[in-house]
Amino acid sequence: KAGVTQTPRYLIKTRGQQVTLSCSPISGHRSVSWYQQTPGQGLQFLFEYFSETQRNKGNFPGRFSGRQFSNSRSEMNVSTLELGDSALYLCASSPSTSGNLNEQFFGPGTRLTVL
Amino acid sequence: AQSVAQPEDQVNVAEGNPLTVKCTYSVSGNPYLFWYVQYPNRGLQFLLKYITGDNLVKGSYGFEAEFNKSQTSFHLKKPSALVSDSALYFCAVRRPMDSSYKLIFGSGTRLLVRP
Chain R
1 KAGVTQTPRY
11 LIKTRGQQVT
21 LSCSPISGHR
31 SVSWYQQTPG
41 QGLQFLFEYF
51 SETQRNKGNF
61 PGRFSGRQFS
71 NSRSEMNVST
81 LELGDSALYL
91 CASSPSTSGN
101 LNEQFFGPGT
111 RLTVL
Chain S
1 AQSVAQPEDQ
11 VNVAEGNPLT
21 VKCTYSVSGN
31 PYLFWYVQYP
41 NRGLQFLLKY
51 ITGDNLVKGS
61 YGFEAEFNKS
71 QTSFHLKKPS
81 ALVSDSALYF
91 CAVRRPMDSS
101 YKLIFGSGTR
111 LLVRP
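Residue numbers (the working numbering), protein chains in the order written: chain R, 1 to 115; chain S, 1 to 115.
One should not assume that every hint holds.
[Unchecked claim] Simulated restraints on C-beta separations:
1) R:N71 / S:N12: 44 to 52 Å
2) R:S22 / S:N55: 35 to 43 Å
3) R:N71 / S:G16: 14 to 22 Å
4) S:A14 / R:T80: 44 to 52 Å
5) R:P61 / S:Q2: 35 to 43 Å
6) R:T53 / S:L56: 20 to 28 Å
7) S:N30 / R:P95: 40 to 48 Å
8) R:T5 / S:L82: 23 to 31 Å
9) S:N12 / R:S51: 18 to 26 Å
10) R:T20 / S:V83: 24 to 32 Å
11) S:A14 / R:T5: 34 to 42 Å
12) R:R67 / S:S99: 31 to 39 Å
13) R:G42 / S:S28: 20 to 28 Å
14) R:R67 / S:D98: 19 to 27 Å
Keep in mind the hints are simulated off the structure, nothing from the lab. All C-beta atoms in this analysis are idealised placements derived from N, C-alpha and C, irrespective of residue type, glycine included.
Please put together the full structure from these sequences, using the hints given.
What follows is the structure in structure tokens.
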């Protein structure tokens, strides 16, 4: 099975622009989560989607949004970029079984640099 | 509030020696606990998890972790370290009562295994 894929791998934007990142989960996985990783704040949960519905949301401003499509692929969007949004954005997927005891499988990440 | 603490920013060990990477958590109820490893410019790779049952959990690449409920700890261990184990290690927690796959991560511990 192919792993979680994220595109693009690297992105450079300027302040005020917006950006869209894409994530394709492992085939059959319906849960997709997004995390932001920075040296200062570490790994922080952004949001999770399950069957096209946002199931959980972290403590990020409304500039951060996401969606999930019927094929479980997910996108996250960041509007009005700020320098502090520079980070590695990680996507993770999980199989859909009862309960939430499964591990998450992570993609390689998208490295966003805001100038 | 949920939290995970990794008290050591870096752990240094000689190849062939045993290693321990510490993790403590603060979560109500009986949490699910996870360890992930991150190599440079890569996403997170799952090592092992504790859900219930035996307090000693065995995982990938010879790693194991011991769950201690009274000390709220979940330390990662390996009997004999390899240079290739050098990487960034993250402990994470999830609450079973959450209808979500959201993970709360510790700040990470950099493991350096010297030849």
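Status of each hint after checking the structure:
no., hint, result
1, R:N71 / S:N12: 44 to 52 Å, "holds (46 Å)"
2, R:S22 / S:N55: 35 to 43 Å, "holds (40 Å)"
3, R:N71 / S:G16: 14 to 22 Å, "violated (48 Å)"
4, S:A14 / R:T80: 44 to 52 Å, "holds (49 Å)"
5, R:P61 / S:Q2: 35 to 43 Å, "violated (21 Å)"
6, R:T53 / S:L56: 20 to 28 Å, "violated (38 Å)"
7, S:N30 / R:P95: 40 to 48 Å, "violated (22 Å)"
8, R:T5 / S:L82: 23 to 31 Å, "holds (29 Å)"
9, S:N12 / R:S51: 18 to 26 Å, "violated (45 Å)"
10, R:T20 / S:V83: 24 to 32 Å, "violated (40 Å)"
11, S:A14 / R:T5: 34 to 42 Å, "holds (38 Å)"
12, R:R67 / S:S99: 31 to 39 Å, "violated (19 Å)"
13, R:G42 / S:S28: 20 to 28 Å, "holds (22 Å)"
14, R:R67 / S:D98: 19 to 27 Å, "holds (21 Å)"
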